[in-house]
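K.L.:
The listed protein sequences correspond, in order, to chains A and B. Position 364 (the first sequence) corresponds to 364 in the numbering used here; numbering is contiguous. Position 136 (the second sequence) corresponds to 136 in the numbering used here; numbering is contiguous.
Simulated from the structure, these hints should not be mistaken for lab results. Honestly, I wouldn't trust all of these hints.
[To be verified] Below are the DSS-like pairs computed for lysine-lysine, each with C-alpha atoms no more than 30 Å apart in a straight line: (1) K326(B) to K333(A); (2) K260(B) to K22(A); (3) K169(B) to K248(A); (4) K63(B) to K169(B); (5) K197(B) to K108(A); (6) K177(B) to K306(B); (7) K260(B) to K19(A).
[Unchecked claim] Non-contacting residues of chain B with respect to chain A, defined by C-beta distances greater than 10 Å in every case (computed): (8) N34; (9) E147; (10) I161.
Built from N, CA and C at the ideal position, the CB exists for glycine as well.
Chain residues, written in single-letter form:
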Amino acid sequence: MKYLSEFRDEEIVRTLLNKIRKCVTKPWNIMEVCGGQTHGLVRHGLLQMLPDQIRMIHGPGCPVCVTPVSLIDKAVELALEHDVILCSYGDMLRVPGSTLSLQQARAKGGDIRILYSPLEAVSIARQNPNREVVFFAVGFETTAPANALSVEQAYRQKLKNYTVLSAHVMVPPAMEAIMSDPDTKVDGFLAAGHVCTVMGLSEYVPLVEKWKMPIVVTGFEPVDLLEGIYMVVSQLENGEYRLENQYKRVVGKDGNRQAVDLVKSVFEYRDREWRGIGEIPMSGLFLAQKYRDYDATLKFGPLKERISEDSGCLSGDVMKGKIKPHECPHFGKGCTPEKPLGAPMVSSEGACAAYYNYATQESTE
Amino acid sequence: MNKSVKVELNCPAPVNEFDSITIGHGGGGKLTQNLLKSGVFSLLDNEWLREQGDAATIQLNGKTAFSTDTFVVSPLIFPGGTIGDLAVNGTVNDLAVSGAKPQYLSLSFILEEGLEMKLFQQILHSIRDACEEADVKIITGDTKVVEKGKGDQIFINTTGIGEMHSKSKMGMNRIKKGDAVLLSGSMARHGITIMSKRNGLEFETKLNSDTRPLHRICLELIDTFGSQIHLMRDPTRGGVANVLNEIAEQTGKGIQLNEKVLPVEDEVAGACEMLGLDPLYVANEGLFVAIVDAEIAEECIELIRKWEYGSSAVAIGKVTEDHPGKVVLHSAIGGRRVLAQATGELLPRIC
Ligand code: SF4
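Full structure from sequences and hints, please.
P.N.:
In structure tokens form, the structure reads like this:
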């Protein structure tokens with residue numbers, strides 16, 4: 001933990017806050033794209049420490065929050081009606097589907113297992129040759145390589161009982177969608193550090209050019225976040241727009257080529273629906289032709305019945321930065337982590353849950 | 001610092017000819033008798049069990065504390081303990097933080113058909129050792145067997161009785177503004193140890209659970225400081241944050257914590273970072289929170305630190321009249337955030 005402590009140093013934090021205060025003269029809206037960053041801002045109490053002119057907007061960066069209801073319904077259907085062993089990351093369990101969440105499906109007897117890695121799911125498939133094993137693959141570019149690897153492994157081992165229900169989404173197309181929205185208020189972005197560890201920086205260059213706004217690739221610790229904010233604000237104040245990398249200690253320019261190649265060989269990009277936001281062109285990962293035997297939606301067919309997902313949740317507006325979580329009329333009333341109306345109240349990375357759990361001054365007063 | 005668990009597998013008498021539990025062991029007949037006699041009674045032997053009556057008779061003096069808890073942990077054996085010592089220490093500690101000296105326990109098993117006899121023996125041995133360490137007697141109990149698939153190998157219920165310390169004057173209504181909030185050791189060790197052994201989540205750690213009895217420390221605190229100890233609680237499931245939230249909610253007072261001094265071992269903190277969990281919400285076993293008069297806070301800490309299990313005791317915050325009903329954490333970098341009550345199961349995050 002020594003490694004982290006220097007990024008949580010009170011002195012450095014104070015110095016950075018002073019630098020931001022000195023630099024800022026106008027109000028700016030900065031979107032942190034990643035849910036991990038939202039979590040960091042709230043967990044360390046950073047939001048109230050920032051000068052009033054800086055308004056942080058919480059982006060669509062929680063993969064759980066943007067997974068469409070139809071995919072959750074499909075996962076529930078697989079677990080309950082096809083008797084598969086459904087493996088998932090923990091966060092997915094509480095997200096409401098149109099009738100049940102996976103947690104409720106588990107209580108109804110579904111064999112639903114929480115895993116930390118899709119490779120674990122491959123070994124479960126190997127150990128249970130008579131059962132179908134489905135990995136519910138959610139996440140951004142960060143979790144995609146491990147998932148691609150699991151498909152690769154299953155392919156090489158000629159496993160016949162392993163498939164993937166892919167809900168993978170990509171961050172840059174979502175940023176593009178946010179900027180294309182005429183109502184958008186975003187002046188600059190903190191891009192998600194982890195995502196760039198894998199994908200590198202190149203995808204952000206066209207965004208910076210097209211929308212003429214600063215993007216700073218940023219980490220998750222208090223010092224990272226403040227440094228990232230400072231870098232965005234100083235560009236904005238100087239009328240500049242550049243791609244900068246605050247997270248150099250982790251993110252290299254080219255990312256992890258091997259991981260990118262693996263993802264690109266196993267998956268292909270297609271249009272994908274985002275919960276609360278709608279369809280975003282070329283933003284989803286689907287299994288490539290060569291691996292179609294490992295596609296759960298092909299093997300088990302499409303969702304039987306699609307139920308409307310209108311719960312009154314305003315997650316789209318939250319994720320596009322149009323409202324803050326506590327400005328949603330359901331926040332803390334009809335919608336709490338115990339009884340969530342929408343996904344952002346469920347996942348630990350979700351903006352509504354982050355606000356609710358760590359209820360900042362801003363959201364409680 | 002860690003308690004070493006003595007687990008011997010050489011049972012003093014042969015259990016019986018079965019190597020796993022069968023439905024017959026719960027039938028109340030000869031098999032049940034054999035199981036109890038050779039397995040349970042011989043290990044936990046005392047005058048009450050020898051009687052084998054339908055109820056044990058005891059003599060109680062003065063005010064008595066009474067507590068029950070059921071243990072369903074998985075895995076059954078984990079670094080630093082078993083479901084058996086957890087079941088003993090859990091109830092012992094519930095009595096301890098209530099200000100009582102734990103004396104007698106009941107012990108009930110729900111066994112699933114197919115439970116390996118060797119494993120059951122190992123758990124029984126750990127129960128015996130925990131009773132010896134805590135100086136409590138098991139005086140009554142029950143065993144039921146359920147069909148395969150209807151239980152998770154073994155569930156244990158313990159109920160305990162203890163004599164209240166005459167100087168104990170604890171209660172929510174005694175908590176007042178300015179009181180110090182003390183923690184007897186570092187957080188989240190048990191929860192993280194168990195999680196590191198869970199299917200699909202396994203990760204390497206040298207951690208041990210902190211299952212252990214706390215009554216000696218708790219009783220000495222009450223003996224020394226009497227009514228100045230305002231409340232004690234053991235933050236097991238739900239962690240320190242939930243216990244403090246309950247206190248804030250029930251008293252209508254605020255609790256202010258200082259993140260900088262919160263004791264978390266490096267390895268635990270690392271695992272929490274990795275899993276995206278907040279150590280304040282992770283389960284503990286051998287830990288207690290005490291709310292005490294600010295005047296005696298320093299002396300209390302000194303006293304707790306003299307004990308093996310209390311060597312890292314520390315004051316983590318205070319009771320305030322600001323933000324009534326809420327627990328507010330002053331973050332290490334100078335920010336503030338409200339610590340809310342956690343929701344249900346702790347789920348590791350995705351990336
Ligand atoms: S508070 Fe609940 S209903 Fe409102 S946007 Fe957040 S998740 Fe949706």
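K.L.:
Next step is simple, just say for each hint if it's right about the structure.
P.N.:
Quick rundown of the hints versus the structure:
1. K326(B) to K333(A): Holds - the C-alpha atoms of K333(A) and K326(B) are around 17 Å apart, at most 30 Å.
2. K260(B) to K22(A): Within the cut-off at roughly 28 Å; holds.
3. K169(B) to K248(A): Cα-Cα ~57 Å, so violated.
4. K63(B) to K169(B): Holds - the C-alpha atoms of K169(B) and K63(B) are around 12 Å apart, at most 30 Å.
5. K197(B) to K108(A): Roughly 25 Å between the alpha carbons, so the hint for K197(B) and K108(A) holds.
6. K177(B) to K306(B): holds, 28 Å
7. K260(B) to K19(A): holds, 24 Å
8. N34: holds, 36 Å
9. E147: holds, 16 Å
10. I161: holds, 35 Å
Violation of the numbered hints given earlier is confined to hint 3; every other hint is satisfied by the structure.
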